[in-house]
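Visitor: Given chain A's structure and the hints, the job is docking chain B onto it.
Protein chains: 2
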Amino acid sequence: MTVSIIGLGLIGGSMAIDLKRRGFAQKILGVEKEPVNASAALKIGLVDEIVSFEEAVDAADIVVVAVPVGAAVKLLPQILDRFAGSGAKDKIVIDTCSTKAHIVRSVHYHPLRRRYVATHPMAGTEYSGPWAAMPNLFDGRACIFANSEESDPAAVKTIEQLYNVLNMRPIYMNSEQHDVHTAYVSHISHLTSFALALTVLDKEKDEKHIFDLASGGFSSTVRLAKSNADMWVPILSQNRDNVLQVIDTYIDKMGEFRQAIADYDEDKIRSLIEEANHIKKILG
Amino acid sequence: MTVSIIGLGLIGGSMAIDLKRRGFAQKILGVEKEPVNASAALKIGLVDEIVSFEEAVDAADIVVVAVPVGAAVKLLPQILDRFAGSGAKDKIVIDTCSTKAHIVRSVHYHPLRRRYVATHPMAGTEYSGPWAAMPNLFDGRACIFANSEESDPAAVKTIEQLYNVLNMRPIYMNSEQHDVHTAYVSHISHLTSFALALTVLDKEKDEKHIFDLASGGFSSTVRLAKSNADMWVPILSQNRDNVLQVIDTYIDKMGEFRQAIADYDEDKIRSLIEEANHIKKILG
Chain A
0 MTVSIIGLGL IGGSMAIDLK RRGFAQKILG VEKEPVNASA ALKIGLVDEI
50 VSFEEAVDAA DIVVVAVPVG AAVKLLPQIL DRFAGSGAKD KIVIDTCSTK
100 AHIVRSVHYH PLRRRYVATH PMAGTEYSGP WAAMPNLFDG RACIFANSEE
150 SDPAAVKTIE QLYNVLNMRP IYMNSEQHDV HTAYVSHISH LTSFALALTV
200 LDKEKDEKHI FDLASGGFSS TVRLAKSNAD MWVPILSQNR DNVLQVIDTY
250 IDKMGEFRQA IADYDEDKIR SLIEEANHIK KILG
Chain B
0 MTVSIIGLGL IGGSMAIDLK RRGFAQKILG VEKEPVNASA ALKIGLVDEI
50 VSFEEAVDAA DIVVVAVPVG AAVKLLPQIL DRFAGSGAKD KIVIDTCSTK
100 AHIVRSVHYH PLRRRYVATH PMAGTEYSGP WAAMPNLFDG RACIFANSEE
150 SDPAAVKTIE QLYNVLNMRP IYMNSEQHDV HTAYVSHISH LTSFALALTV
200 LDKEKDEKHI FDLASGGFSS TVRLAKSNAD MWVPILSQNR DNVLQVIDTY
250 IDKMGEFRQA IADYDEDKIR SLIEEANHIK KILG
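Here the protein sequences line up with chains A and B, keeping their order. For the first sequence, numbering that gives the first Met the number 0 begins at 0 and goes up steadily by one. For the second sequence, numbering that gives the first Met the number 0 begins at 0 and goes up steadily by one.
Chain A with its partners taken away, still in its complex shape:
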């Protein structure tokens, strides 16, 4: 099996490592538009070769699109077009993007739509680029398959095998459900971290040297604020409506705390905290 990976960042690079060393792919071709990243990916040994977009699509059994979702929406139809042009009927393309409704809609009427499998491997760190790629990143995490009934069953089966090699649990849902889900589970977490970082940075300008930021739970809560703008701008933009809805609920909840604290209403503060503690049951 030859796998071509477009975008050799955290996700694409980490896939490359495990698909190769676990024997799923005999050959990994990489496409990377940043020359520095491309040469790093070669040096680190993430891929066997860096090739052009066209070579990558033509040589691959599976093409993995692992670029920010704004770019992915542009590339995906070009890849399906090239599949069609070459007459190849058994190639598969997948994406790994964090929003799904927009990209799925973008190829809905493409004649080769069924060779596309929409996936979202839910794993990552706050770091990016080929240097951030690591083995075992996906082990034990969930991979969402969106609208898989719109893909050829054989293609879905092959991609299930791919994610099985990465030790991921498949979850099936439609792309709209997915985007609601990720707005709650992932996108709002990033926004709360970004806003927390901005809040503290604002204060820190005035009061240098008093902060010892490694303490007090701050570092885990703000960790995601290190995340990359190239990735997050299109996610927040494409998932606008769901994200706005979650932000509004979130600001309401923060407002309830604000009011209770302003009123010295200790019973209300307690009941809000105890309700929040229920998250233990979900997180286990």
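Because the hints were derived from the structure by calculation, they are not lab data. Possibly wrong hints are sitting among the right ones.
In this list, chains with the same sequence are indistinguishable; a pair is considered to hold if it fits within one copy or across any two.
Pairs of lysine to aspartate or glutamate, EDC-like flavour, derived with a Cα cap of 20 Å [unchecked claim]:
| id | residue 1 | residue 2 |
| --- | --- | --- |
| 1 | K225 | D80 |
| 2 | K204 | D251 |
| 3 | K225 | E274 |
| 4 | K280 | D211 |
| 5 | K204 | E175 |
| 6 | K202 | D240 |
| 7 | K279 | E48 |
| 8 | K279 | D240 |
| 9 | K267 | D240 |
| 10 | K279 | D229 |
| 11 | K19 | D80 |
| 12 | K42 | D251 |
| 13 | K88 | D57 |
| 14 | K73 | E265 |
| 15 | K202 | E273 |
Guide: What follows is chain B alone, placed relative to chain A:
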């Protein structure tokens, strides 16, 4: 040296472990009002004996008040009164509370004020109770000494030695600075986690089974939402003014994101994220 620890939870229990095994205390006496916690503390071996409040104060060279700040404010003057009553001039009492202005003010005019050293060891986990106590909890973290000029220099020196044995770096500031500091570094982090948990729990009622909450950065961001109400209600209440100010800044920052996303203003979203990324420089 005999150290009496009032409150055998995460902080008091963890102090007990390291002060004993590192040789600072020859004897550790514990006071614990919850019978279940008291017998657990004995069983785990956190303390040599469980004694009454009076016995603990009378037998100790150092009394450590490691209970939630609402209770600590009531106990501290009683301990100083008992020091005065016994005629002992070299006993020391410290507290470990997360807000300092209120407790420092509460004994400002006490005749034995100088035998009290106000400290805040900035370490912890989201767990509580004697079962949460662990060795090495404090290693490498910061300990704030608040208004230490109001304490006897010899008492401060002894307590510096105590925290030195716990491998903590001392930081000196006044109690008002401390409470601003912790509002930014710790209290708002907890509030963002509580609000995030409430937001997701709200949604989860409607849409069961679609959430895989271990993924997507959610778990690190929401970790602090497991924190205990007994501890956090008095902190948020006592540090009301600082906390309200930070919440307001925070809601403003979240509102900027909201507006930019609502407007599809990708340049603005990008600039907010890139500004938030500066937290990397501070966290190192």
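Visitor: The structure should be examined with respect to each hint, and the outcome stated for every one.
Guide: Status of the hints after comparison with the structure:
In this assembly of identical chains, the alpha carbons of K225 and D80 never lie at most 20 Å apart, being 36 Å within a copy and 50 Å across copies at closest. Taking identical chains as interchangeable, the C-alpha atoms of K204 and D251 lie at most 20 Å apart only when they sit on different chains, with a minimum of 17 Å there against 28 Å within one chain. Taking the closest pair of Cα atoms, K225 and E274 come within 20 Å of each other only across two copies (10 Å); inside a single copy the shortest separation is 29 Å, beyond that limit. Proximity of K280 and D211 under a CA criterion of 20 Å is satisfied inter-copy only: 13 Å between copies versus 32 Å inside one chain copy.
For a Cα distance limit of 20 Å, the shortest separation of K204 from E175 across copies, 18 Å, qualifies, whereas the shortest one inside one copy, 41 Å, does not. In this assembly of identical chains, the alpha carbons of K202 and D240 lie at most 20 Å apart only when taken from different copies (15 Å versus 31 Å within one copy). When the C-alpha separation of K279 and E48 is checked against a cutoff of 20 Å, the pair qualifies neither within a copy, at 46 Å, nor between copies, at 33 Å. Neither within a single protomer nor between protomers do K279 and D240 lie at most 20 Å apart by alpha-carbon distance, with minima of 28 Å and 29 Å respectively.
Within a single copy, K267 and D240 get their C-alpha atoms only as close as 31 Å, which misses the 20 Å cut-off; across copies the closest is 17 Å, which meets it. Taking the shortest Cα distances, K279 and D229 sit within 20 Å of each other only across copies (17 Å), while inside one copy they are farther apart (33 Å). Proximity of K19 to D80 under the C-alpha cut-off of 20 Å is found in neither arrangement, the shortest distances being 27 Å within a copy and 72 Å between copies. Neither within a single protomer nor between protomers do K42 and D251 lie at most 20 Å apart by alpha-carbon distance, with minima of 49 Å and 44 Å respectively.
Only within a single protomer do K88 and D57 lie at most 20 Å apart by alpha-carbon distance; the minimum there is 12 Å, versus 86 Å between protomers. For the identical chains of this complex, K73 and E265 are inter-copy neighbours only, at 17 Å across copies versus 53 Å inside a copy, given an alpha-carbon limit of 20 Å. In this assembly of identical chains, K202 and E273 lie within 20 Å of each other by CA distance solely across copies; the values are 17 Å between and 29 Å within a copy.
Checked against the numbered hints above, the structure breaks hints 1, 7, 8, 11, 12 and satisfies the rest.
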